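Top to bottom, those sequences are chains D and C. When we follow this note's numbering, the leftmost residue of the first sequence carries the number 7, and every step to the right adds one. When we follow this note's numbering, the leftmost residue of the second sequence carries the number 28, and every step to the right adds one.
Be a bit skeptical, because a hint or two may be false.
[Claimed, not checked] Calculated from the model, a selection of chain D residues having no Cβ within reach of chain C, i.e. all distances over 10 Å:
| # | residue |
| --- | --- |
| 1 | M7 |
| 2 | V8 |
| 3 | A15 |
| 4 | V21 |
| 5 | L26 |
| 6 | G47 |
| 7 | W63 |
| 8 | Q64 |
| 9 | E65 |
| 10 | E68 |
| 11 | G87 |
| 12 | K95 |
| 13 | V96 |
| 14 | G102 |
| 15 | P108 |
[To be verified] Distance windows between CB atoms, simulated:
| # | chain 1 | residue 1 | chain 2 | residue 2 | range |
| --- | --- | --- | --- | --- | --- |
| 16 | C | E86 | D | E14 | 23 to 29 Å |
| 17 | D | E68 | C | T277 | 51 to 57 Å |
| 18 | C | E429 | D | E99 | 47 to 53 Å |
| 19 | D | E14 | C | A126 | 35 to 41 Å |
| 20 | D | P98 | C | T238 | 56 to 62 Å |
| 21 | C | A435 | D | M7 | 42 to 48 Å |
| 22 | D | K95 | C | E429 | 32 to 38 Å |
| 23 | D | E14 | C | A29 | 28 to 34 Å |
| 24 | C | N234 | D | P40 | 47 to 53 Å |
| 25 | C | A317 | D | P40 | 33 to 39 Å |
| 26 | D | M7 | C | A368 | 53 to 59 Å |
| 27 | D | M7 | C | A146 | 54 to 60 Å |
| 28 | C | P298 | D | E14 | 30 to 36 Å |
[To be verified] A few chain C residues that don't get close to chain D, going by computed Cβ distances all over 12 Å:
| # | residue |
| --- | --- |
| 29 | L103 |
| 30 | R168 |
| 31 | Q256 |
| 32 | L321 |
| 33 | G340 |
| 34 | D371 |
| 35 | E372 |
| 36 | V418 |
| 37 | P420 |
Hint data in this document are derived by calculation from the structure and do not stem from the laboratory. Remember, predicted model here, so these are calculated numbers, not experimental data. Each residue gets a CB set at the ideal place from its N, CA and C atoms; glycine is no exception.
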Amino acid sequence: MVKLIYIEASGTEHVVTAKLGQSVMESAVKNNVPGIAADCGGVLACATCRVYVKGAWQEKLEPPSEMEQSTIEFSEDTTPGLRLSCQIKVTPELDGLTVHLPESQH
Amino acid sequence: MAQPVVAIVGSGQAGFQVAVSLRELKYEGRVVMVGDEPHAPYRRPPLSKTYLMGEANTEEVSFCSDSHFVQQRIELIAGKRAVSIDRARRVLRLDDDSAIEYDHLVLAIGARNRPLPLAGAELRDLFYLRTLSEADALRARMATAKSAVVIGAGFIGLEFAAVAAKQGLEVTVLEAADRPMARAISKTMSDVFTREHASMGVRLVLNSRVTRLVVDDGRVRGVETSDGQVLPADLVVVGIGVIPNVELATSCDLRVEDGIVVDELLQTSDPHISAIGDVATHVSRHTHGARARLESVQNACDQARCVARRIAGKPAEYDALPWFWTNQGPLKLQIAGLASAGCDEVVRGDPNGMSCSVYLFRNGKLVCVESLNRPADHMLARRLLTNGVAVTPQQAADGTFELKSLLAPAGAPK
Numbered sequence: 007m008v009k010l011i012y013i014e015a016s017g018t019e020h021v022v023t024a025k026l027g028q029s030v031m032e033s034a035v036k037n038n039v040p041g042i043a044a045d046c047g048g049v050l051a052c053a054t055c056r057v058y059v060k061g062a063w064q065e066k067l068e069p070p071s072e073m074e075q076s077t078i079e080f081s082e083d084t085t086p087g088l089r090l091s092c093q094i095k096v097t098p099e100l101d102g103l104t105v106h107l108p109e110s111q112h
Numbered sequence: 028m029a030q031p032v033v034a035i036v037g038s039g040q041a042g043f044q045v046a047v048s049l050r051e052l053k054y055e056g057r058v059v060m061v062g063d064e065p066h067a068p069y070r071r072p073p074l075s076k077t078y079l080m081g082e083a084n085t086e087e088v089s090f091c092s093d094s095h096f097v098q099q100r101i102e103l104i105a106g107k108r109a110v111s112i113d114r115a116r117r118v119l120r121l122d123d124d125s126a127i128e129y130d131h132l133v134l135a136i137g138a139r140n141r142p143l144p145l146a147g148a149e150l151r152d153l154f155y156l157r158t159l160s161e162a163d164a165l166r167a168r169m170a171t172a173k174s175a176v177v178i179g180a181g182f183i184g185l186e187f188a189a190v191a192a193k194q195g196l197e198v199t200v201l202e203a204a205d206r207p208m209a210r211a212i213s214k215t216m217s218d219v220f221t222r223e224h225a226s227m228g229v230r231l232v233l234n235s236r237v238t239r240l241v242v243d244d245g246r247v248r249g250v251e252t253s254d255g256q257v258l259p260a261d262l263v264v265v266g267i268g269v270i271p272n273v274e275l276a277t278s279c280d281l282r283v284e285d286g287i288v289v290d291e292l293l294q295t296s297d298p299h300i301s302a303i304g305d306v307a308t309h310v311s312r313h314t315h316g317a318r319a320r321l322e323s324v325q326n327a328c329d330q331a332r333c334v335a336r337r338i339a340g341k342p343a344e345y346d347a348l349p350w351f352w353t354n355q356g357p358l359k360l361q362i363a364g365l366a367s368a369g370c371d372e373v374v375r376g377d378p379n380g381m382s383c384s385v386y387l388f389r390n391g392k393l394v395c396v397e398s399l400n401r402p403a404d405h406m407l408a409r410r411l412l413t414n415g416v417a418v419t420p421q422q423a424a425d426g427t428f429e430l431k432s433l434l435a436p437a438g439a440p441k
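Turn these sequences into a full structure, and let the hints steer you where they fit.
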């Protein structure tokens, strides 16, 4: 079990216990964290599970795949640290990961 | 005073999203959602992909945890069917004789499988793929089947074929038209899929109609085609499209064509009733003057959000760009915009390989982009089409031209 922290654009913080192997998107959705739409269900088709990863955590995550990278690069959202949370798998190393949520996914 | 009530018929992607969006928008009234399936709301797209492969389980395809409904005060009535609407009294009746008085009613009733119009089609072991129960039955049969015949080379049929071939089944897909997914994608992209399915080991037979089901001992054992060929199979899957569930709307005299007719606000001919998702036929600037009934996750979600906003007091016309995806083995196709017959096709990338995009122009105007394994093209196409940016066929055809340069720089007024 790994602790993840989601911070809404309003500043509201959600701490959840995530299961290993789940994605950061699934952990949010299954723990009732608002602010992640995930319309496509996690298949890298919609870019509505966007999160922002700051500081040292950026380095600790596996870098984005080529498919994720091009989706991010060409999306309208240019916020630094942008990742698609459906592509980040929960591992023991991610204990304490903090991600910030956009004001809107649309 | 009693709380206002929003009643939602249908607990698929559209119905679920209305309920969730109402709460996100701080709607305070009651939200009651009626679904005729026994399960809590779930995602359908994985059923023909990861769920069928055994890579996702029931919990993973469900939209949210059960506690979410309680926490969000969404009253889910599962396993019940809506049977009538009394528009004058604003009462929805269910098949257990219970009644729900509503202030606003959202019809998100979806569509059902188009049945095969042949004798034997009523047999239980003819397989369809729309619901979780159907996916479970199919998955169970796939575990022992060696061969499968798929009737219809649409999205569902081909997604199934890709999974079945990967699992080692001998798969034949029969299609009446002269190319796969003919209703939905360009000729160029159809040709890529025809070629790539062959390399996945799927036998795709075009211009082929099924005239008879071969039934033995109450079981479907294969099919016979119009040229007299008999194809034996352990498993026959039917994917020949859907029929929108308009009966409830027809029975209370709402306007119905190929789907429940809604205006730009997604309102039916009764201002207290909206219709969304697969069952609704709408117009917007992206449908190019025609009515469109779209069967997609995007359409379900975005129409749901549009209606929720109106109910919450922020009405706006439905204006979302249609987009779609299908995954078939190594083929990930993403479509932005809506094409129609007679579009001019311009290709970027190599249509003889696994990565290309087809840009579709109608009277010189870009209306749709199909991207195969090219998410960058897709994301860019969404922005170009949403913002109505002018693109010429020459620019699209020139692989060295940066289409991104046509967009206003970030932060600049659009």
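K95 of chain D and chain C, when compared Cβ to Cβ, separated by more than 10 Å: holds (14 Å)
Against chain C, does G47 of chain D hold up as non-interface, every C-beta pair farther apart than 10 Å? Check fails; 5 Å does not lie beyond 10 Å.
Any Cβ of chain D at or closer than 12 Å to L103 of chain C, or is the non-interface label fine? holds (15 Å)
Decide, holds or violated, for the assertion that all CB atoms of chain D are farther than 12 Å from the CB of L321 of chain C. At about 14 Å from chain D, L321 of chain C clears the 12 Å cut-off, so the statement holds.
Compute the least Cβ-Cβ separation between E68 of chain D and chain C, then decide whether it is above 10 Å. At about 18 Å from chain C, E68 of chain D clears the 10 Å cut-off, so the statement holds.
A cut-off of 12 Å on Cβ-Cβ distance, and E372 of chain C was said to be off the interface with chain D. Does that hold? About 22 Å separates E372 of chain C from the closest Cβ of chain D, which puts it past 12 Å; holds.
Mind verifying the non-interface call on Q256 of chain C? Its CB should be farther than 12 Å from each CB in chain D. Q256 of chain C clear of chain D: closest Cβ-Cβ about 36 Å, beyond 12 Å.
Looking at A15 of chain D again, its CB stays over 10 Å from all of chain C? holds (13 Å)
Minimum Cβ separation between V8 of chain D and chain C greater than 10 Å? holds (18 Å)
Okay, E429 of chain C versus E99 of chain D on CB: inside 47 to 53 Å? violated (38 Å)
Just checking, E65 of chain D versus chain C, shortest CB gap more than 10 Å? At roughly 24 Å from the nearest Cβ of chain C, E65 of chain D sits farther out than 10 Å, so the non-interface label holds.
Starting from the range 28 to 34 Å, see whether the pair E14 of chain D and A29 of chain C falls in it by beta-carbon distance. Given a distance of about 32 Å, which is inside 28 to 34 Å, the answer is holds.
Comparing the model with each numbered hint stated earlier shows that hints 6, 18 do not hold.
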